[in-house]
Amino acid sequence: MGRFGFFDRFRIPTYDDPEQMQFGIVEIDVGKCNGCSLCAGACPADALVIVDKKARMKNAPENACAFCGDCAAICQTGAISMKSPYRFTKFYKTINRVGVSPPRL
Amino acid sequence: MKRNNGIESSDSLKREFTETEKVILSRRSVRQYKKEQVPEFMVRRILEAGRFAPSAGNYQPWKFIVLRDPELIKSLTETVTASCRMFRGMIDYRRKGYSWLRPMTKFMTRLMYRDLHPMPFTAIPLIADGKLDLWHGAPTVIVILKDVRGVSSPDLDCGIAGQNMVLAAHSMGLGTCWVGFAKLALEKSMKWKKRLGISYPYKFASSLAIGWPRGNPDGMIPRQTHAVDWYENGTLKIIS
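Line by line, the protein sequences are chains C and V. Going by my numbering, the first sequence opens with residue 227, and the numbers climb by one from there. Going by my numbering, the second sequence opens with residue 3, and the numbers climb by one from there.
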């Protein structure tokens, strides 16, 4: 579990520094992708682009993936899998988050 | 749903989610809508779901505005886009040649830390460039206003009412999206507040885009688990 330091509260991270801002990562199975571009339209952060009829994730810092999962849910062929959620530092440090899991019974 | 407390029902609970849970767990924000309008009776039913939401002291501190005129929605979007364009010019230090804005932006971020969180911060340029439509082309918009005189926390009560409406809409096969950026027009613009009659005691809380989704956006996905402190039998365990 994370801890929040006293000075962290006063330091705002630099948003275009990948060291301080790690955005979400989704993985696209190119073999399954049919280039329908539904995922790119669903993405609120404009993090997915269609290159050569295949979806591709933009590189940091242009991608600002919020790990919302809209792309994975809308994908008809199940080509998108969600890898790691965003991790910010300093003032916006994410704490008390443990792992990643689908709904559990 | 039939309520019984027998062993049979708890067994089926362990096997699969209830219908309500399925709506909650598979609801995804929808950002691509068909042009086709939502039937009026469905919007009325959604409003009924909001009307029966729990609120502190049963004060019901909300007022809903339904927007179904494409021109109105379009010109509201234009106002927000123009504001975002202005803000981007003031704060976005990630553009080439604007790194000198960084100290000032960081200072402003410390003051407005909820509005300039990395997520809205990266959304502002997208709206300004027209890459992200405010209500994503939804044919119906419900604006939720809070009564500022409400008991305890009117914002929270509006959130509860809104979530009721959202889940009701998804159970009917509609798509929804919470849109807070509308506040740039409905809270900050005198022109729009006057036009829509938003004045004391009402204040903008949030807004919902509602429409028929393109594709099949609902589905269960992985999410972060959160550490939960669990006190029982005199001890603490942390589950996640």
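Keep in mind that the hints are not guaranteed to be accurate.
Stated by the list, open to error - Quick list of in silico lysine-lysine cross-link-like pairs, DSSO-like style, CA-CA up to 30 Å:
#1 C:K316 with V:K108
#2 V:K98 with C:K284
#3 V:K16 with C:K309
#4 C:K280 with V:K37
#5 V:K239 with C:K316
#6 V:K65 with C:K319
#7 C:K309 with V:K65
#8 V:K205 with C:K279
#9 C:K319 with V:K108
#10 V:K36 with C:K319
#11 V:K16 with C:K319
#12 C:K280 with V:K190
#13 V:K239 with C:K280
#14 V:K239 with V:K65
Just so you know, these hints were derived from the structure itself, not from any lab.
These are the hints, each one checked on the structure:
1. C:K316 with V:K108: This hinted pair holds, its Cα atoms lying about 12 Å apart.
2. V:K98 with C:K284: 18 Å, holds
3. V:K16 with C:K309: 28 Å, holds
4. C:K280 with V:K37: 26 Å, holds
5. V:K239 with C:K316: Within the cut-off at roughly 28 Å; holds.
6. V:K65 with C:K319: Measuring from Cα to Cα gives roughly 35 Å; hence the hint is violated.
7. C:K309 with V:K65: 40 Å, violated
8. V:K205 with C:K279: Distance of about 45 Å is beyond 30 Å: violated.
9. C:K319 with V:K108: 15 Å, holds
10. V:K36 with C:K319: 38 Å, violated
11. V:K16 with C:K319: 36 Å, violated
12. C:K280 with V:K190: 41 Å, violated
13. V:K239 with C:K280: 46 Å, violated
14. V:K239 with V:K65: Violated. K239 of chain V to K65 of chain V sits at ~42 Å, over the 30 Å cutoff.
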